[in-house]
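Below, each chain spelled out in residue letters.
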Amino acid sequence: MSSDQDHLRETDSEKRFEFKKDEASAFRTEKGALDEETIRVISEDKDEPEWMLERRLRALKQFHAMPMPTDWPGQPDLSEVDIAEIVPYIRPDVDVRGGVDDWSELPDDIKDTFDQLGIPEAEKNALSGVGAQYESEVVYQNMQERWEEKGVIFCNMDEAVQEYPELVKEHFMTENVPPSDNKFAALHGAIWSGGSFVYVPEGVTVDMPVQAYFRMNSEGMGQFEHTLIIAEEGSEVHYIEGCSAPQYASFNLHSGGVEVFVGEDAHVQYSTVQNWSKNTYNLNTKRAICEANGTMEWVSGSMGSKATMLYPSTILKGRGATDNHITIAFAGEGQNIDTGAKVYHNAPRTKSTIESKSISKDGGRTNYRGLVHISDGAEHSSTSVECDALMFDNESTSDTMPYMEIEESKVDVAHEATVGKIGDEDVFYLQSRGLDDDDAKQMIVAGFIEPITEELPIEYAVELNRLIELEMEGSLG
Amino acid sequence: MARLQLKNLHAKVAEGGEKILDGVDLEVSSGEIHALMGPNGSGKSTTAKVIAGHPAYEVTEGEVLVHLDEDEFEGMTIPEEKRTWNLLDLEPNERAAVGVFLGFQYPVEIEGVTMVNFLRTALNAKLEERDDLFEEGEAEVEEEEDSGYDTSPMEGNVDEGEVSVSEFQELMAEKMDQLDMDTTFAQRYLNAGFSGGEKKQNEVLQAAILEPSIAVLDEIDSGLDIDRLQDVSKGINALRDEQGAGILQITHYQRILDYVEPDHVHVMLDGKIATSGGPELAERLEDEGYDWVREEAYETA
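Chains A and B are the protein sequences, given in the same order. Following the numbering used here, the numbering of the first sequence begins with 4 at its first residue and continues without gaps. Following the numbering used here, the numbering of the second sequence begins with -13 at its first residue and continues without gaps.
Here chain A stands alone, though its shape is the one from the complex (with noise of 0.2 Å):
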């Protein structure tokens, strides 16, 4: 057994989630300030080019200018998120801009923070690299040389912006998440901040996965992280993301952004294990662009939240490009958890495959929310859809809403769902070889979210064993 599970072991997950920190940030806007001049502060706050500056400007008139989405059937009420309410920006304290790239520089507070979550020992156990980010900004990261040297780029987005300006004038919120794609993500284009940068140039291979970290810690705020991810012709990469929020009494938003662009015969997975407060609204966009050949892959759990509305995209845009997506939703009391998949097969032999598993319990409400589109021309493409719905009782509940839009007869096509109540009968079977009532319960949960599990490292596989645990067991309250 290797020392990061030991460690994983010792803390205690329940603390964890109850852990704050005072906080002790050096600039924070003002709440409910969303306005042209809160988003120059910002900008003004982070030395940012003009072209950011004005981009954001322009998200922000979309944000004003779009209306919250309220006639989805069966969509999570959101008449509780009023952007007014929330502080879009808190800088911690470190000196540094960017972070540092020595964990023993950080403030002891935001230490203390990371090293109840266990991640300064998952970073140290040959992990190639984390970026932790700690309310808005990044506060530590640090890669491996020998990927430096081959030119591959792990650093924060604020940073990016500084650094490597053409490739994220190119990519950020342009062809792949523009603002006008929603109303959140115009949001996010006006106030993000922080967030992962990654490159991997033609060729290379990363075959260590490139980890992040976000942690929400203060009462009533927002997160609009954005990473971006390019991973050239060739190249291979493997991009893992973890979120927490402790407890507060008022909401809070996260609002993050992904964006990844998969070059031809690239393969890029982006794996997330989210667990946030029950009074989170995790508002995301997430989109993938996969030219010829290329393979995207997202894995991601979603835990916790008041409620989540995710439906990670990907754009096939060239002959061949693969996606796999492989989700899972946990919903307990309280709880509306709306994820599923978008693809898009815009060419010849594309091929999908979506994998949704789901769990409600005590009321809990999931429900998956997915779109195939298939466009005229997009001949011999195929694609699989798989929802698979697990419920403890009666109250819960678990939708399925699988769109097909199917412009091109010679394609391949198969969807199925199937919903099912834990079964008294499995139940039974294992105790009577021994396993108490609730144990039964933990292993077939375990056993049904499997196919995620082993997509992911054993760090981030133990964490999501043991967040469906505390579920299970209700101890998070």
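Just so you know, these hints were derived from the structure itself, not from any lab. Honestly, I wouldn't trust all of these hints.
To be verified - Here are the simulated DSS-like pairs of lysine-lysine, each with C-alpha atoms no more than 27 Å apart in a straight line:
hint	chain 1	residue 1	chain 2	residue 2
1	B	185	A	444
2	A	320	A	413
3	A	424	B	185
4	B	-2	A	424
5	A	320	A	172
6	A	153	A	172
7	B	5	B	258
8	B	161	B	220
9	A	413	A	354
Unchecked claim - Cβ-to-Cβ under 10 Å is the rule here; a few derived chain B residues that face chain A:
hint	residue
10	39
11	103
12	177
13	196
Note that beta-carbon positions come from the ideal geometry of N, C-alpha and C, so glycine has one too.
Start from chain A and add chain B according to the hints.
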């Protein structure tokens, strides 16, 4: 030596209330093989499920007792006052801990849970529960504050438990070898995609690993071809001969009794034992069916 004792057992379907068991009396001791036969709907499977604590049935009258010897479990001395248990007071997992095993007629399939992970977790859970049940009064005080990561998706318990991963792998390989099972079984998901025969063989494997004092095997012979029937029978005989388990073998047919020779045969009709006898009783049933039992039973009644 352990003894399972059913006394005047009455049970009905929990939802709906249909009465199924109407006063069953039966005793099975370690080292004995009992065959419980009878036509469909006579209450055989219900008897098995009630013994194991299935929630679908409600016991309205009677007792299910297990009597244990002082040295029933290796490395443990059982105090006088803890040698008799009424199973009806125990949860299904506690019944497993006092030494009762149920082999299912229709084992469930559970995806994503490997055989090796499942069985090691079950074995350790049983041993732990056994400690809790038989230790004197201290168990509850020692409630752990936070046991941390109990299960890892790769290897089961991070907490090694009483039986470690390597110890268990050895034990499982040995038992599979005895039953002529393919070693790839260990890494397959619990019963998922198993053929009918493989599932039955798997039930016997589980009994071999969990080492019950009393094993109730519910129609373990149904749907087996002759080769598999012989394998399964070999496993059942080994349970008795090598581990000293008492077996309650529920079956429709004489067929399995050619390989697993019962010491006692009981015939169940309308929710009670109508008649009992030796192996010759099973042979007579094979030749003449159940009608004569019914006639005799009603004559005496």
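Violated hints, by number in ascending order, as checked against the structure: none
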